[in-house]
Amino acid sequence: MSGGAAGAGCLARNDWICGEYLRTRGQELVDATVQHLGITAVSVLIGLLIAFPLALVARRWRAAAGPVLGLTTVLYTVPSLAMFALLTPVFGVSAAVVVTGLVLYSLTILVRNILAGLQAVPAEVREAARGMGYGPARLLCEVELPLALPALVAGLRIATVSTVAMTTIGSVVGYGGLGNLIASGMEGFFKAEVLTASVLCVLLAVLADLLLMGVQRLLTPWTRTQARGRGRAGRGARAAKAVG
Amino acid sequence: MGAITGAWQWLTTAANWAGEKGVWHRLAEHLWLSGLCLVLSCLIALPVALWLGHLGKGGALAVNLSNVGRAVPTFAVLVLLTLSPLGTRGDWPAIVALVLFAVPPLLTNAYLGMREADRDVVEAARGMGMSGPQLLLRVEIPLAYPLIMTGLRSATVQVVATATLAALAGGGGLGRIITAGFGNYDTAQVVAGAVLVAVLALTVEGVLVLAERFLDPMRGRRRAVRTARA
Chain A
1281 MSGGAAGAGC LARNDWICGE YLRTRGQELV DATVQHLGIT AVSVLIGLLI AFPLALVARR
1341 WRAAAGPVLG LTTVLYTVPS LAMFALLTPV FGVSAAVVVT GLVLYSLTIL VRNILAGLQA
1401 VPAEVREAAR GMGYGPARLL CEVELPLALP ALVAGLRIAT VSTVAMTTIG SVVGYGGLGN
1461 LIASGMEGFF KAEVLTASVL CVLLAVLADL LLMGVQRLLT PWTRTQARGR GRAGRGARAA
1521 KAVG
Chain B
12 MGAITGAWQW LTTAANWAGE KGVWHRLAEH LWLSGLCLVL SCLIALPVAL WLGHLGKGGA
72 LAVNLSNVGR AVPTFAVLVL LTLSPLGTRG DWPAIVALVL FAVPPLLTNA YLGMREADRD
132 VVEAARGMGM SGPQLLLRVE IPLAYPLIMT GLRSATVQVV ATATLAALAG GGGLGRIITA
192 GFGNYDTAQV VAGAVLVAVL ALTVEGVLVL AERFLDPMRG RRRAVRTARA
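Chains A and B, in that order, give the protein sequences.
So the first sequence is numbered by our numbering: it starts at 1281 and just counts up by one.
So the second sequence is numbered by our numbering: it starts at 12 and just counts up by one.
For the record, the hints were derived by calculation from the structure and aren't laboratory data.
Because the structure is a prediction, the values reported are computed rather than measured.
We put the beta carbon where it would ideally sit given N, CA and C, even for glycine.
Don't take every hint at face value.
Some, not all, of what chain A presents toward chain B, calculated at C-beta under 10 angstroms [claimed, not checked]:
hint, residue
1, 1330
2, 1333
3, 1334
4, 1361
5, 1369
6, 1441
7, 1458
8, 1463
9, 1478
10, 1482
Input sequences plus hints: build the corresponding full structure.
Next comes the structure, spelled out in structure tokens:
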């Protein structure tokens, strides 16, 4: 972004890139970013909390797998504008509309990836743990979950990145974070506002993705020692395909 | 519950279906826009993906394109294009934005489908003396068909859903009914519009699932294999 003296008058000229805009409306940008991050984080966390038991249910009872996967996929095909619109009568115009919509979208990706990760745990490993006297809960937490973590995080990354992007549409009900700035910039034909908010949005998505990648590396130190890179990349690609 | 009865009333009022702002007109706009963008995206993405897949090159590009596409908010791109010089040219901002979003899933899936075609079968066909184009048309594309169709399906659903957003940036389509409802604080109309869009998205998905089964070049053979196994 050009700053300082070069920025003077760019607001009047309505330039795409404008340092003056950043200076004079900095607080507005910070507020929007905070709202954006808050909505995204809450949505993904709630999505994870709901998706995990759903994936466990789908794995435990084969009869439940079809309906669970089918329902979450159907939810995914409902366009976001329609989803938010359908939820307004339930919650009124509030942030809850946006969060609920985003949670429903994240479920498709999360449930599929968690399920794929759990199903990919080798049967020998499970048998060995059972032979060592592990109960079902301990087996899940100490053996299956760590092994499913790469697929789980792959899903979490996809869900987070698309949630960051989709939060902008929350601007229809006034809770879109940076999307609010994009919408108001569009109404006022204010180019700098639109471009700055859009770029910030993409930056948030990239940063969130990198952050999750880092968290995964910290949580799964063993993947770095065995089959460097290759195995992890393959697993990621497989999980991404499961989302299709 | 008031909203649902209200939406039902809105949907069953004939006046809401007729005219420039009526459902039929908006639906036609929506389908025209989605259809056009889908055809354009296929014309761009499929030849590139099939060619790259045939050569076995450009895998990183094909896969990463899809991930990058997810991170960019459609709404932002639509608004940016609307404010750019392109914005004065009617539907073009919406068309360009939709094509940009439909290309990645098409390209990635078609490429992966081509790469995952059973290498032994491809080698065998080559050994039988098939030329490059023959190999592509008679072996690789039929084997890649399921994934190509998966890509087409997600691209189509995405385009139909995203065409709704065109309304936020002043374009036409069914989304207009929702945004107009928001504008007038008319919850009944908002819900009615949302129901229409959701039903359209689900219908398109269903039609594509059927088309996928019906058009499968290996339809007879896949069934034969399944019964042979059973």
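Does the structure break any of the earlier hints, and which numbers would those be? Violated hints (numbers, rising): 1, 2, 3; every other hint is consistent with the structure.
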